[in-house]
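Number of protein chains: 4
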Amino acid sequence: MIVVFKPDATPDQINQILTKAEQLGLKTNVSEGVERTIVGLIGPEEVLQVTPLEVFEGVERVIPVLAPYRLVSREYQADNSIVSLSDDVKIGGEQLHVMAGPCSIESLDGMDRIARQAREGGATILRGGAFKPRTSPYDFQGMGEEGLKILKDVGEKYGMATVTEVMDARDIDLICRYADMLQIGARNMQNFTLLKEVGKAKKPVLLKRGISATIKEWLMCAEYILANGNFNVVFCERGIRTYETATRNTLDINAVGVVKQLSHLPIIVDPSHATGRWGLVAPAARAAVAAGCDGLMIEVHDNPKEAFSDGGQSLVPEKFSALMQELRPIAQAVNRKL
Amino acid sequence: MIVVFKPDATPDQINQILTKAEQLGLKTNVSEGVERTIVGLIGPEEVLQVTPLEVFEGVERVIPVLAPYRLVSREYQADNSIVSLSDDVKIGGEQLHVMAGPCSIESLDGMDRIARQAREGGATILRGGAFKPRTSPYDFQGMGEEGLKILKDVGEKYGMATVTEVMDARDIDLICRYADMLQIGARNMQNFTLLKEVGKAKKPVLLKRGISATIKEWLMCAEYILANGNFNVVFCERGIRTYETATRNTLDINAVGVVKQLSHLPIIVDPSHATGRWGLVAPAARAAVAAGCDGLMIEVHDNPKEAFSDGGQSLVPEKFSALMQELRPIAQAVNRKL
Amino acid sequence: MIVVFKPDATPDQINQILTKAEQLGLKTNVSEGVERTIVGLIGPEEVLQVTPLEVFEGVERVIPVLAPYRLVSREYQADNSIVSLSDDVKIGGEQLHVMAGPCSIESLDGMDRIARQAREGGATILRGGAFKPRTSPYDFQGMGEEGLKILKDVGEKYGMATVTEVMDARDIDLICRYADMLQIGARNMQNFTLLKEVGKAKKPVLLKRGISATIKEWLMCAEYILANGNFNVVFCERGIRTYETATRNTLDINAVGVVKQLSHLPIIVDPSHATGRWGLVAPAARAAVAAGCDGLMIEVHDNPKEAFSDGGQSLVPEKFSALMQELRPIAQAVNRKL
Amino acid sequence: MIVVFKPDATPDQINQILTKAEQLGLKTNVSEGVERTIVGLIGPEEVLQVTPLEVFEGVERVIPVLAPYRLVSREYQADNSIVSLSDDVKIGGEQLHVMAGPCSIESLDGMDRIARQAREGGATILRGGAFKPRTSPYDFQGMGEEGLKILKDVGEKYGMATVTEVMDARDIDLICRYADMLQIGARNMQNFTLLKEVGKAKKPVLLKRGISATIKEWLMCAEYILANGNFNVVFCERGIRTYETATRNTLDINAVGVVKQLSHLPIIVDPSHATGRWGLVAPAARAAVAAGCDGLMIEVHDNPKEAFSDGGQSLVPEKFSALMQELRPIAQAVNRKL
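Protein chains in written order, with my numbering: chain A, 9 to 346; chain B, 9 to 346; chain C, 9 to 346; chain D, 9 to 346.
If you're looking for bench data, these hints aren't it; they were derived computationally from the structure. Just so it is clear, the structure is predicted and the values come from calculations on it, not from any experiment. Errors might be hidden in some of the hints.
When chains are identical, the list treats them as one kind, so a pair holds in a single copy or across two.
In silico lysine to aspartate or glutamate, DMTMM-like type, Cα no more than 25 Å apart, as pairs [unchecked claim]:
1) Lys28 x Glu40
2) Lys313 x Glu30
3) Lys327 x Asp16
4) Lys327 x Glu128
5) Lys204 x Glu153
6) Lys224 x Glu62
Use the sequences and the hints to build the structure in full.
Right under this line is the structure:
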């Protein structure tokens, strides 16, 4: 932590900070510049996070030096983490994994048809929502447990691992009985109650980036999960909110590289939400693989015109399979398999 | 709902939409322009929200005409709503109400000292967090029920109504026993599970704007609460996330005027979070009152240097009282009382 | 300037920075922390701005300590600057000044009618564009010199100072012959060629904030003008671009307080562009005065239905006069005159 | 253009719009819904762009239907445009082209060394700034004409086409004598004076996206150039400003797909500015090629520690060559050559 003083700070004001630091068990380093005095505080920064040094008289600015997260960082673990959903599906290694399926689970028949075709196209993980976070209280809210059963049955039938969203801490046990991976949606990224509880669960967690979350905040939310004991976390970049309205969200492709530098945890990309339009899913998916992601999450529906939600961003199975064909040589070009 | 077709859309493609509309019980109006055909769909737009017309062949764009919310709108209720917290505290009328108190409830003594001074300054509602949404798992997480008791006791002692944040649906009953108003924090604005449950509660709700929520999304979240039976909702503008880093958030002062035009529900402003720096709270609070808000929420702490959270944006009681003095003639200038 | 090293930085890598600093004539202060070494560089930071220390091996991050601007800062000049447009119109003192008029100058008659009514309402500065920055090449581009003559004649007739936009360095001399103040529009805020040239002009400059400019970048653009010899600069906050679409722009009301803290130069607010809708101009204008701005710029047109540009955000003269009545008690409440 | 009326609009108010439309030579289509009346205006929308229909009484909202640009659109020209810089360098076809070189031209020797290595790596276009838009008036402002000579001489020596930024309309003739392509920088994207003048020049134009420009605004700026007679325009996505601070800008990779859908003009990507950190240039460049761009612009410097500007985002020649090797199989995977 570095404390920058105002040009007119008095020695007493500077001493007040030095005394405070001493009380907190920190060492200090005073540097007197031409215009300003700067004090470095040496030691664990956690003790300072609840001490608002910027309210002390004479202080102009406080600059944190250390990242606020630990367990998720490359410094804590240099090697890439591998997150296992099943014997066959391990995210973070050479093999890329693609999660495919409808936005909402709508029926057994529909799920079966879509899963079969997604599997044939090369998807290894089946996705589908049983509890849906809908912006309107009047929209379809999901099939609940019945949907979870469909997800599990269809996943087993086609040899796919499964992932589905958890929105309420009270549903975690239920969902853990049916799915291989718990998804935390973008709107719940900072639902700290939920983060703590999935941190205690025994299933891997897919942590979507909040719609306006910084990468640092996103890493901190993963830290919540790891700090509660669950190290099996996969990040999912799904587009951020910007001023641009030509697409539903702006895919922050830079996030792939940044997360890979800062953390040992895997990161996948969701080009469906990151564009919001099926016609833009393919270039976004290709870009994601080329940038070095560990997998993709893609919405697939065989009848988007009748889909209960997000039909406009779903690929039909034929287009999904064609996209998978396009992705393979790109994966190879970056030394990955698909 | 208006459907704009591509210049090369065929009659068959246009008929496909007309047929779909008929199935949904909607009337249509076809307008053939020089370059494009446009079809207006007449009837309740809800039935279209789950029908992704943009995936039909030949369709270029779909434009919704009606707002997606009903109960919160000025069209549903032309007159301003008044939300009662107690016999004395009614938000939305001529009288402005100020919520003041520390970010976190830290101790009975501290709360008592702060409340007394805030009350003397003119605050009528006591605020304080017992369950805290902290970005770091290593930060202070709140006093829980013990904090709620302190809030209630101190509020009663000084004749103030009380408000505190609810983060978990499982805590609603508990909090309702102690506080007069339930606060939904910015990070939970789209926690639809929580919205539904406070919609069933018998206490007024303070709905903070999500950090990157559009005004339309915010109104939709209030709709969730009203649709579940609770019409006592007050909006709270607390700053939005933008590219500007000189302040913690950007106070969207325009939101006050926009919400007043679109909705009958009251709106207050939180200048503490909207600036993030105590030195900027006063101009932001003055601006909010001048813009026409129904109240303010301000962080007050008598020893910000030792505050457990958000000390940097808290006013000391003397500055709070001075600010209240500044606000009174402005309130009067816009025909309000304070 | 503070240099933070990576945890595994070698002594050689640290020495490389120390040597570089010495070459540049800077003193250094080394602080060895538990996890990282930090080096403070003491002396003028300008020499470092062209030296990318972050590319040196072992360096993790470089943190500037001093603001990059000098002449515009409160440290350079503690007292508020007063910018004179004429004997009667001095911006930055107790008296607030309001610039009013149409977006574009359209005709002598029209300008005369609008100016007369704006003057009666209390405006002291007449605005109007003769050269227009239009987003479409097919839109009206302004009357040019003929418009400037109208501006000057009408301004003199009603005893108002005048302001108009300069878009091209080649027009500066021409505009200086007719107008009292040169406006740099938002789109040209970082047109450094133009900034240098108005820095050499003898007229005051109104520097609008770029649509996505940080406050720091905005201050740096003013620095360009002052560094070229022209200290008569007034800032104009006119809304920034955010994700919110309910308004044309988001009025960053916090900017008033921040600029007042950092700089001695005056700041006014343009509620017309900051909202984009005439129905929202009044609350935004009231908020701006309450926040402590030094004046306003408001679009006024007596027949917005036929206006050549921006009719939707223009007030009719009656509404302008009514707004000025509303603003007077607010100005008084913050110890200003209007 | 579609006009949506308020629920309580009177027949007179609706007739006022119908009459106005008739005066403007437009046909109308009236659709009476359950809650609102909607009127479609049929004919060229240009005549409406200067008529603010939203200020008419009873009007709630005005929705444009047609895109405001024509010449740049796919509807105007279905086939991809090819922009020729020289006999060998044609942007927009199967062959991708990479522009490489230092941010600023610093000396003949330096430019020669960098160009030789960039050419060996596979770059076909040499970049370098002679006039620099620097945010600080105290920074290096470029070598001017001397720099242009160096650019031309070195480009010819190594058989590379050349591109350099033009900041002032008065410099266009000069730059046209030395360079093969005129670059409009992000800060000048909406400098309409400059756009008109390069529209009259005989050289191809590289139009960088403004730092907060929507894709629609960007296309409109190209329209300015085409409307003035110059159809040789190439877009350059260089990152946009968002709230994220981990990178200098956010690369809007979706923009590649969107521009390809809407326009026939080529688009390249600048991963150096879009990330701001050399360590992130490679994944961003790979993503851009995979997304389908027509080329790249990359900053290369053989001694970034001593670069006059933007050293932190420059690749050293070895890393540039390695990146080019990585890009070739990706280009092949998307049916392009590099």
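Notebook entry, point to check: What are the numbers of the hints that this structure violates, sorted from low to high?
Noted result: Structure breaks no hint.
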